[in-house]
Amino acid sequence: MPFSVLPPCSPSPLHAPTCRRLAPLAEAFARLDPDGTGAVAFPPFCALMRSLAPHVPMAQGDLEQLWMQRVDPRGTGRATFDTLVAVLAPATED
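In terms of my numbering, the sequence shown opens at residue 1191 and continues consecutively.
Please keep in mind that the hints were generated in silico from the structure rather than gathered at the bench. Please note: incorrect hints may appear among the correct ones.
Per label pair, the in silico range of CB-to-CB distance [as the list claims (entries may be wrong)]:
1) A1213 <-> R1240: 16 to 22 Å
2) D1225 <-> P1247: 26 to 32 Å
3) G1267 <-> R1240: 15 to 21 Å
4) Q1255 <-> A1279: 25 to 31 Å
5) A1213 <-> A1237: 24 to 30 Å
6) R1210 <-> G1267: 18 to 24 Å
7) C1209 <-> Q1255: 29 to 35 Å
8) S1241 <-> D1272: 18 to 24 Å
9) G1251 <-> A1213: 18 to 24 Å
For every residue, glycine included, the Cβ atom is placed at its ideal position computed from N, Cα and C.
Kindly produce the complete structure, drawing on both the sequences and the hints.
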């Protein structure tokens, strides 16, 4: 069974904006994690970032810096959905 990156959204209206905001990220993450491990490596991370903001030019060096400093500072070579949400949340908050 593939890993589900998002828990079921609460029926509470307080959680609805978060669920709506995370849905595109969760869908893109799931496409890049076809084996359902719940983690992606650097190349799929780059594809994910570029798919979420196709109009924003992202240099490979900038993505490498983001990966090494914020996404995978321990050098595991993998990033979970929760990690990506934590890294991207400041940029997506309303």
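Note to self: Against the range 18 to 24 Å, how does the distance between the Cβ atoms of S1241 and D1272 compare: consistent or not?
What the structure shows: Given range 18 to 24 Å: holds, Cβ gap about 19 Å.
Next item on the list: Starting from the hint 24 to 30 Å, judge whether the C-beta atoms of A1213 and A1237 obey it.
Entry: violated, 18 Å
Item checked: Range agreement (Cβ of R1240 with Cβ of G1267, hint 15 to 21 Å) -> Given a distance of about 20 Å, which is inside 15 to 21 Å, the answer is holds.
Item checked: Outcome of range test on Cβ distance (C1209, Q1255; 29 to 35 Å) -> Holds - the Cβ-Cβ distance for C1209 and Q1255, about 30 Å, lies within 29 to 35 Å.
Note to self: Range first: 18 to 24 Å. Now tell me if the beta carbons of R1210 and G1267 are that far apart.
What the structure shows: violated, 31 Å
Checklist line | Hint check for P1247 and D1225 - Cβ pair distance inside 26 to 32 Å | finding: Since D1225 and P1247 have Cβ atoms about 30 Å apart, the given range 26 to 32 Å holds.
Next item on the list: Starting from the hint 16 to 22 Å, judge whether the C-beta atoms of A1213 and R1240 obey it.
Entry: holds, 18 Å
Note to self: Range first: 25 to 31 Å. Now tell me if the beta carbons of Q1255 and A1279 are that far apart.
What the structure shows: Between Q1255 and A1279, where Cβ atoms are some 19 Å apart, the hint is violated.
Item checked: CB-CB spacing for A1213 and G1251 relative to the 18 to 24 Å hint -> violated, 30 Å
Hint compliance for this structure: hints 4, 5, 6 and 9 are broken, all remaining hints hold.
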